[in-house]
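K.L.:
Read top to bottom, the protein sequences are chains A, B, C and D.
Following this note's numbering, the numbering of the first sequence begins with 1 at its first residue and continues without gaps.
Following this note's numbering, the numbering of the second sequence begins with 1 at its first residue and continues without gaps.
Following this note's numbering, the numbering of the third sequence begins with 1 at its first residue and continues without gaps.
Following this note's numbering, the numbering of the fourth sequence begins with 1 at its first residue and continues without gaps.
Treat the hints as calculated values from the structure; they're not laboratory data.
Note that CB positions come from ideal geometry on N, CA and C, so glycine has one too.
Just so you know, not all the hints are guaranteed correct.
[To be verified] Once the Cα atoms are required to be at most 27 Å apart in a straight line, the calculated DSS-like pairs of lysine-lysine come out as: (1) C:K347 <-> D:K15; (2) D:K128 <-> D:K2; (3) A:K223 <-> A:K347; (4) B:K15 <-> B:K2; (5) B:K347 <-> A:K347; (6) D:K347 <-> D:K223.
[Unchecked claim] Far from chain D, some chain A residues (derived; all Cβ distances over 12 Å): (7) L39; (8) E55; (9) D77; (10) Q162; (11) A163; (12) G178; (13) H187; (14) R249; (15) E254; (16) Q376; (17) E430.
There are 4 protein chains.
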Amino acid sequence: MKSPEEYLESLRRLKRTAFILGERIDSPHEHPLVAPSTLAMAETYAMAREADHAELFTARSHLSGEPINRFTHIMQDRQDLVYKVEMLRALGRRTATCFQRCAGLDALNTMFSVTYELARSRGTAYHKRFLAFLAGVQERDEVVAACMTDAKGDRRRRPSEQADPDVYLRVVERRADGVLVSGAKLHITGALNSHHLLVLPTRRLRSSEQDWAISFAIPADTKGVTFILGRQPADTRRLERGGGDTGNRYGGHEAAVLFDRVFVAHEQIFMNGETAFMDPIIRYFGALHRTSYGGCKPGMGDALIGASSRLARANGTREVAHIREKLAEMVQANEVLYACGLAASHKGFQTPAGCACADVLLANVCKLNVTRNPYQIARLATDIAGGLLATLPAAADFANEQTGPALRRFLAAAEGIETEERRRLLRFVESTVAGTGGVCYLMESVHGAGSPQAQIMQIQDDETFAKLEGAAQRLLEDR
Amino acid sequence: MKSPEEYLESLRRLKRTAFILGERIDSPHEHPLVAPSTLAMAETYAMAREADHAELFTARSHLSGEPINRFTHIMQDRQDLVYKVEMLRALGRRTATCFQRCAGLDALNTMFSVTYELARSRGTAYHKRFLAFLAGVQERDEVVAACMTDAKGDRRRRPSEQADPDVYLRVVERRADGVLVSGAKLHITGALNSHHLLVLPTRRLRSSEQDWAISFAIPADTKGVTFILGRQPADTRRLERGGGDTGNRYGGHEAAVLFDRVFVAHEQIFMNGETAFMDPIIRYFGALHRTSYGGCKPGMGDALIGASSRLARANGTREVAHIREKLAEMVQANEVLYACGLAASHKGFQTPAGCACADVLLANVCKLNVTRNPYQIARLATDIAGGLLATLPAAADFANEQTGPALRRFLAAAEGIETEERRRLLRFVESTVAGTGGVCYLMESVHGAGSPQAQIMQIQDDETFAKLEGAAQRLLEDR
Amino acid sequence: MKSPEEYLESLRRLKRTAFILGERIDSPHEHPLVAPSTLAMAETYAMAREADHAELFTARSHLSGEPINRFTHIMQDRQDLVYKVEMLRALGRRTATCFQRCAGLDALNTMFSVTYELARSRGTAYHKRFLAFLAGVQERDEVVAACMTDAKGDRRRRPSEQADPDVYLRVVERRADGVLVSGAKLHITGALNSHHLLVLPTRRLRSSEQDWAISFAIPADTKGVTFILGRQPADTRRLERGGGDTGNRYGGHEAAVLFDRVFVAHEQIFMNGETAFMDPIIRYFGALHRTSYGGCKPGMGDALIGASSRLARANGTREVAHIREKLAEMVQANEVLYACGLAASHKGFQTPAGCACADVLLANVCKLNVTRNPYQIARLATDIAGGLLATLPAAADFANEQTGPALRRFLAAAEGIETEERRRLLRFVESTVAGTGGVCYLMESVHGAGSPQAQIMQIQDDETFAKLEGAAQRLLEDR
Amino acid sequence: MKSPEEYLESLRRLKRTAFILGERIDSPHEHPLVAPSTLAMAETYAMAREADHAELFTARSHLSGEPINRFTHIMQDRQDLVYKVEMLRALGRRTATCFQRCAGLDALNTMFSVTYELARSRGTAYHKRFLAFLAGVQERDEVVAACMTDAKGDRRRRPSEQADPDVYLRVVERRADGVLVSGAKLHITGALNSHHLLVLPTRRLRSSEQDWAISFAIPADTKGVTFILGRQPADTRRLERGGGDTGNRYGGHEAAVLFDRVFVAHEQIFMNGETAFMDPIIRYFGALHRTSYGGCKPGMGDALIGASSRLARANGTREVAHIREKLAEMVQANEVLYACGLAASHKGFQTPAGCACADVLLANVCKLNVTRNPYQIARLATDIAGGLLATLPAAADFANEQTGPALRRFLAAAEGIETEERRRLLRFVESTVAGTGGVCYLMESVHGAGSPQAQIMQIQDDETFAKLEGAAQRLLEDR
């Protein structure tokens with residue numbers, strides 16, 4: 001397993017084509033806008049080396065029998081699913097941001113199962129190829145970015161009906177030794193912190209849409225791949241001299257990943273035209289990844305609730321009844337997220353490949369809560385923090401000799417807590433509800449792992465309702 | 001283990017003093033107002049004999065090694081806690097009511113642990129006495145009513161400060177062979193279906209309030225004990241000739257249990273003046289019983305959602321988008337209850353006595369949801385059912401030759417579903433949101449196992465917040 | 001204007017065909033199940049004679065110039081709309097139930113406008129006939145039941161597509177002197193307390209569906225009309241000897257009204273085949289009647305919040321912080337209903353006929369709140385009332401010599417409030433959240449004046465959104 | 001009345017001491033971080049000159065009889081209150097931000113009434129002085145910043161108990177010709193766009209706390225006054241070359257205003273030690289200003305809902321059922337804010353001075369909604385916008401020749417809407433839910449005009465509840 005330093009070094013060796021704020025950047029993970037997210041990712045390496053986190057953060061590879069980072073592990077049983085949720089909560093609490101490594105983990109587990117099923121029914125080599133890729137990732141302790149969401153064009157139209165067929169990534173040319181693909185994968189979490197891109201199609205396909213049924217893994221610096229960083233509110237505070245206003249030294253990032261006639265060799269391909277297998281991809285990845293949000297987001301919530309409680313102490317309001325009620329409501333809203341993550345894990349099932357997968361219904365219930373509760377928590381955090389959250393002068397005003405002393409004097413509150421701690425707490429809460437952290441905590445909570453309606457559609461499962469109607473009818477029957 | 005018939009027969013042998021609607025009734029569990037609740041309780045016996053429910057409904061006694069009904073079992077590990085939640089959901093789905101046997105189960109587990117701790121620290125005989133009582137209950141497969149909530153008088157005053165000291169049940173006289181107690185225990189679930197009354201104090205006590213720190217078990221027909229049935233909306237529909245308007249043949253009940261200088265022998269006493277031990281009673285019973293609501297209420301929800309889905313089919317609206325959204329929201333609100341019940345169980349801990357107990361924080365989170373979500377589900381069920389829910393003529397109008405045919409004609413809706421099924425579904429939903437079932441599904445969801453504020457006070461736990469503040473402060477520290 | 005006694009007497013003269021609980025009843029408004037609703041209706045007469053309510057409850061007829069009961073008045077301006085809302089709130093607060101006279105008022109105003117528009121475009125006699133009917137109603141101070149909602153059959157089908165064409169009331173035969181109609185109007189509020197039935201079609205119709213486009217007014221005892229009372233939870237408590245458990249001496253009722261080849265003379269007809277005029281019927285009646293809910297329901301809320309506050313005093317918890325918060329939330333949820341009723345009235349418009357009509361968007365916003373907020377208020381009322389709400393023994397148990405004294409002793413709480421007052425308060429809250437009052441306060445709040453989706457569909461108005469998009473685009477334009 | 005240009009010019013003449021991002025800035029309203037807020041303020045001048053807005057934006061001075069900008073007008077009747085709400089909504093819709101001029105308006109109205117009451121009871125010259133100040137403001141069409149909220153120190157302590165007595169602004173020295181004051185007023189809206197500072201105390205005071213009972217008006221460039229701009233998320237996007245990522249050319253701002261021994265002459269003082277008059281200040285200002293939020297915030301909501309609807313068209317999802325439901329819910333949540341603003345205005349009362357003031361209860365209900373509904377609207381806007389909201393590349397990436405064409409290609413969606421419009425809509429929504437606009441729309445909605453608990457405390461009014469309890473008791477009385 002890599003040390004954080006080895007991880008950072010390994011990224012440096014990738015020669016990527018990346019743009020940030022309109023400029024080509026050579027080592028993008030070191031750019032100040034991205035570095036906080038690399039730091040968060042590095043914690044996935046660091047915590048695996050901390051004695052008291054080893055149980056959660058490491059596992060024994062079912063391929064090699066060697067200890068590996070859990071972020072590269074194929075889940076063997078429900079306990080592994082539970083450990084994942086616990087690990088993600090620990091990381092969320094540690095970094096208060098999206099640490100970006102779970103989508104890759106969930107995609108690895110998905111493709112492990114799907115290539116197995118493909119192999120079983122089609123006799124293809126997909127599973128063997130995938131195992132070879134996986135073994136390398138485990139051995140070298142690498143980061144895999146899951147590239148799933150396409151540009152999608154007009155949402156009323158299927159891939160094959162779009163004016164521009166590349167708005168869903170597809171095979172544009174087939175060669176003896178592989179294929180050329182074009183398209184764009186959007187919202188790719190941790191893209192600039194990853195060694196590999198694992199590409200999956202994003203939606204169910206008709207049998208006539210084989211060109212879009214393509215899954216593969218390539219190195220992040222493959223020719224034809226371009227990364228463009230997504231902006232976040234307040235992102236450029238990270239560029240400010242003196243700093244002090246970012247609120248959190250950790251961060252997350254997403255990027256658009258453009259594919260312009262990228263060559264993919266056969267050995268890198270895990271699915272190629274088998275449109276029928278989109279079903280398990282969507283089912284497994286949805287269940288696994290929606291459950292992950294039952295770990296990371298309550299972890300972020302922990303930090304936000306803790307900061308709110310501490311800010312209330314700073315303000316002198318901590319023991320006022322309505323503040324105590326609001327803190328309890330925050331915990332309530334937060335623990336519900338976690339409880340559903342746990343429940344979905346404990347009710348998990350085994351895929352034919354022998355990989356554990358979270359319960360589909362509870363995973364969707366878990367994620368649907370995540371699309372809502374953080375807004376309530378953010379509102380209560382804003383309430384408790386007080387109006388200064390919206391009007392705090394810049395760190396530079398505190399540093400300025402003409403204004404700093406007066407600010408420190410007038411923004412002093414309850415004894416025993418320094419104005420500087422209060423200032424930092426306010427910046428942390430601000431960043432989490434309305435700045436870079438807000439992207440992770442609120443927007444990503446809505447859209448990550450599928451927008452709310454994607455969850456609702458899975459909850460509207462016919463089989464579920466048939467059972468419920470049966471229960472009701474049995475009650476009527478013998479009366 | 002008793003058969004349902006043996007259970008009913010065993011109740012008949014009790015010579016209780018009971019009042020229903022102002023009249024003294026000899027065999028109260030056979031009175032039409034109570035019989036539906038006895039029928040629900042009988043299902044706890046019936047399902048233990050059904051092959052496909054055996055795993056959930058039976059266990060092996062850790063005392064005797066014999067198979068017993070799980071409702072008399074001391075939880076040995078987290079899996080036992082999980083089985084309890086699953087068992088309660090199965091019963092909730094089967095009966096769509098409160099089946100009344102879990103408070104006794106949770107109280108048995110509580111007193112098993114507390115008497116052990118008492119014994120350990122005080123060298124008393126309490127645990128031994130309790131084990132003897134427990135062994136009899138397990139062997140004879142009996143029902144124990146947990147009698148906890150006192151009348152409470154003026155809520156601003158402690159037990160020792162009340163104008164009438166008996167508003168909290170207490171020892172009014174001490175004799176060589178035992179004590180005399182007076183007081184009233186209110187809202188006693190399943191009181192008239194129980195063999196034993198297991199009395200516990202209801203709140204923390206000061207060391208000067210030893211007379212109120214009394215716990216014991218007595219047969220339901222002990223001299224000086226009087227039961228008075230609580231009324232429920234629409235309860236007397238059960239008395240109507242012809243029937244057809246009750247909505248559910250099962251029901252639940254609560255009764256006030258009055259104690260007028262009731263003699264309790266030493267061998268029946270499990271706590272007598274040890275005020276310091278109220279802490280574990282409240283902690284264990286709260287955690288166990290609040291988790292139980294994560295089983296029974298989602299079970300009731302299953303039946304209500306199923307009935308709503310079926311009613312939508314009857315109305316011809318099942319596939320309309322907004323109806324599908326509402327059904328999904330009902331499932332969401334319902335599964336969250338269950339997920340928290342599961343999570344609290346899976347995160348359970350062992351008491352010093354070796355009994356498994358649910359996680360305190362998650363148990364409270366579980367119950368607090370239960371005080372809210374059923375209202376949302378009931379509102380959506382009302383919405384989906386349509387206005388007829390509020391205006392359906394009586395079963396007698398359907399039976400009347402002059403009005404029945406027209407009603408059957410005009411209330412026919414979608415083909416394939418009889419008007420009679422639609423009528424029954426409407427009555428079932430009505431009873432669940434606003435009749436006898438509404439007492440179980442809504443009022444009891446609010447107040448059972450402690451009113452909402454009792455949960456909030458436990459969620460406001462100082463230790464929880466210290467950890468959260470620590471997480472936030474670590475984020476600020478090294479910046 | 002009639003006195004309450006004259007009103008009751010005038011009902012007695014009607015020879016109606018009515019069924020209650022499966023039996024034919026001659027003077028149905030005097031039947032114990034209906035009498036509480038007649039009493040509530042009688043308050044609309046009584047309050048018009050109370051000096052301090054005269055401004056709200058009376059108006060000057062724009063036809064005769066005479067003072068009339070506002071419930072028969074055609075709204076002349078926005079102030080009239082505001083007075084209506086205030087009048088309804090005063091009645092809601094007085095009776096804590098549905099007093100059943102506003103649907104008729106709103107239907108009168110609707111048909112005043114629509115017959116005018118019909119007359120203008122078709123040169124028909126409809127408006128003149130309507131004015132003659134209206135003048136009589138105003139002069140004799142009579143009650144008009146609005147009969148709008150049809151049985152509807154399979155909701156996926158239009159009137160002309162139903163297996164049984166009568167599931168929407170229609171003309172089944174046309175004669176020289178009038179028409180014969182058959183069908184059923186469901187959920188008719190105050191049907192058994194009304195002098196006249198004013199029938200309106202319930203939905204938009206195609207030009208080929210002229211037989212369903214029929215509106216008319218007939219006396220309640222017209223041949224071929226049959227009333228069947230709808231059941232409510234706990235309705236038969238009104239039959240109990242001794243009483244004491246009804247919770248509210250007032251009540252509301254709905255009935256199914258069946259039409260079996262009922263003859264309607266031309267002079268009674270206000271619309272006959274003009275399908276194009278369903279648009280203004282739906283628009284005006286929706287706006288007027290949905291605004292009415294912004295009066296009556298906050299009035300009921302006043303009584304429920306007041307009872308909750310008083311019960312908290314009885315319990316000794318009135319000044320506890322969380323109880324105070326909950327009471328404030330109840331007021332908040334309640335006043336929002338009223339505010340929307342007021343706003344919709346103050347933004348009203350004049351129809352071509354010169355009748356004031358509430359703002360369509362705000363009226364729908366008003367009613368949509370009403371489908372939700374009472375559930376929150378009911379939940380909080382249940383919370384504040386305490387568990388006794390679900391378990392209170394019968395009035396007969398309080399009257400019984402063996403149990404009454406103990407009950408009075410143990411259910412005594414805070415000094416200064418008698419146990420009997422506490423008992424009554426509990427019964428009032430129970431009836432309002434789960435008994436007969438719950439039908440008015442919860443179910444009718446959902447479905448009365450159109451189910452929630454009917455409001456949402458009007459809120460989804462294209463013109464509204466075109467304006468909003470325009471506002472957004474202007475912001476983008478010149479950047 | 002000034003033109004927008006004259007307004008900007010007049011600000012330039014003020015020689016203020018102001019700091020922005022740690023630097024002393026001479027003409028702060030022209031600094032790029034502040035200019036968007038000055039532009040929004042300038043719209044209050046511009047719209048008063050637009051023919052179709054004249055009725056809302058202008059009034060006739062009750063002092064001079066001359067036409068004046070409504071933002072300097074003393075409300076004469078309820079219609080004036082209604083016009084204010086309508087004017088604020090029009091401005092909110094126009095600018096989609098806080099335009100910063102209403103707090104001053106509401107403070108002028110408050111002090112008009114309070115100085116009148118002071119004059120009446122104390123025979124002082126306060127009212128005359130205030131009228132002189134007001135006349136100048138009206139004549140010169142100037143902006144007044146209301147300076148109310150103090151630094152507050154430890155919230156558990158009263159002004160006189162604080163370690164540093166200046167954390168509530170106070171008189172530190174009394175001279176023959178006036179007083180010297182020290183302290184800090186925080187969160188001062190539009191501070192850098194204002195000609196005058198109107199200072200009011202922030203809380204109820206004891207009779208011993210006369211030094212804190214000081215109200216006065218001074219020019220913004222008075223000696224000893226220092227302004228320090230508050231930061232907002234994404235504020236520095238306004239500094240970026242090329243621009244394109246700010247989302248809204250308008251903005252709002254708040255600043256801390258420090259007073260260091262500022263001399264205030266007697267003629268400028270409107271209250272000096274009369275602690276008893278804090279009651280009407282808090283009552284009137286609260287009612288007036290909380291009602292204002294029922295205008296500006298639904299105006300902002302209009303723009304946000306419109307942008308969401310348009311974005312849905314761009315995405316091709318506008319007519320999908322769940323999107324339509326969400327848009328309806330946004331309108332519902334938004335119109336409720338407005339309805340309460342209207343209702344509070346229409347139920348307004350006259351102060352002894354003859355100034356109209358909004359209804360206290362409804363004003364608080366109005367503002368409490370504002371602390372909540374925008375979060376729901378923001379969440380739904382985020383949902384509808386799609387994941388791109390969180391990951392959109394920078395405007396500079398669109399401008400870059402290497403990445404722009406691909407971005408325009410892949411982010412094209414539904415035909416008929418340019419990618420550039422989609423990009424701008426996304427930036428507008430982003431800025432409103434998480435950037436500079438989020439400060440106005442969310443944080444300020446929580447804390448402006450008093451934090452939520454301030455509203456709840458006024459809703460918990462004893463008199464209100466006495467009436468409600470009376471209504472409930474009358475229902476019980478005669479049964």
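K.L.:
For every hint, state whether the structure bears it out.
P.N.:
Verification of the supplied hints:
Note on K347 (chain C) and K15 (chain D): the hinted pairing is violated, with a Cα-Cα distance of about 46 Å set against a maximum of 27 Å. In summary, the hint linking K128 (chain D) to K2 (chain D) is supported, as the alpha carbons are separated by about 25 Å, within the 27 Å threshold. Restraint check for K223 (chain A) and K347 (chain A): the C-alpha separation of about 43 Å exceeds 27 Å, so the hint is violated. Of the pairs offered as hints, the one joining K15 (chain B) and K2 (chain B) holds, with about 20 Å between alpha carbons and a cut-off of 27 Å not exceeded.
A distance of roughly 14 Å separates the Cα atoms of K347 (chain B) and K347 (chain A); the hinted pair therefore holds under the 27 Å criterion. Between K347 (chain D) and K223 (chain D), the direct Cα distance comes to roughly 43 Å. Violation of the 27 Å bound is thereby established for this hinted pair. Remark: the non-interface label on L39 (chain A) is consistent with the geometry, its nearest Cβ contact in chain D lying 20 Å away (cut-off 12 Å). The beta carbon of E55 (chain A) sits about 33 Å from the closest Cβ of chain D, which is more than 12 Å, so the claim that it is off the interface holds.
Remark: the non-interface label on D77 (chain A) is consistent with the geometry, its nearest Cβ contact in chain D lying 33 Å away (cut-off 12 Å). Separation of Q162 (chain A) from chain D is inadequate, the least Cβ-Cβ distance of about 10 Å not exceeding the 12 Å criterion. Taking the minimum C-beta to C-beta distance to chain D, about 7 Å, the non-interface status of A163 (chain A) is violated against the 12 Å cut. No Cβ of chain D approaches the Cβ of G178 (chain A) within 12 Å, the least distance being about 23 Å, so the stated non-interface status holds.
Not every CB of chain D is more than 12 Å from the CB of H187 (chain A) (nearest about 5 Å), against its label as outside the interface. No beta-carbon of chain D comes within 12 Å of the beta-carbon of R249 (chain A); the shortest separation is about 17 Å. Here E254 (chain A) does not stay apart from chain D, with its beta-carbon only about 4 Å from theirs, under the 12 Å limit. With a minimum CB-CB distance of about 8 Å to chain D, Q376 (chain A) fails to clear the 12 Å threshold, and the non-interface call is violated.
For E430 (chain A), the shortest C-beta to C-beta distance to chain D comes to about 7 Å, within the 12 Å cut-off, and the non-interface label is violated.
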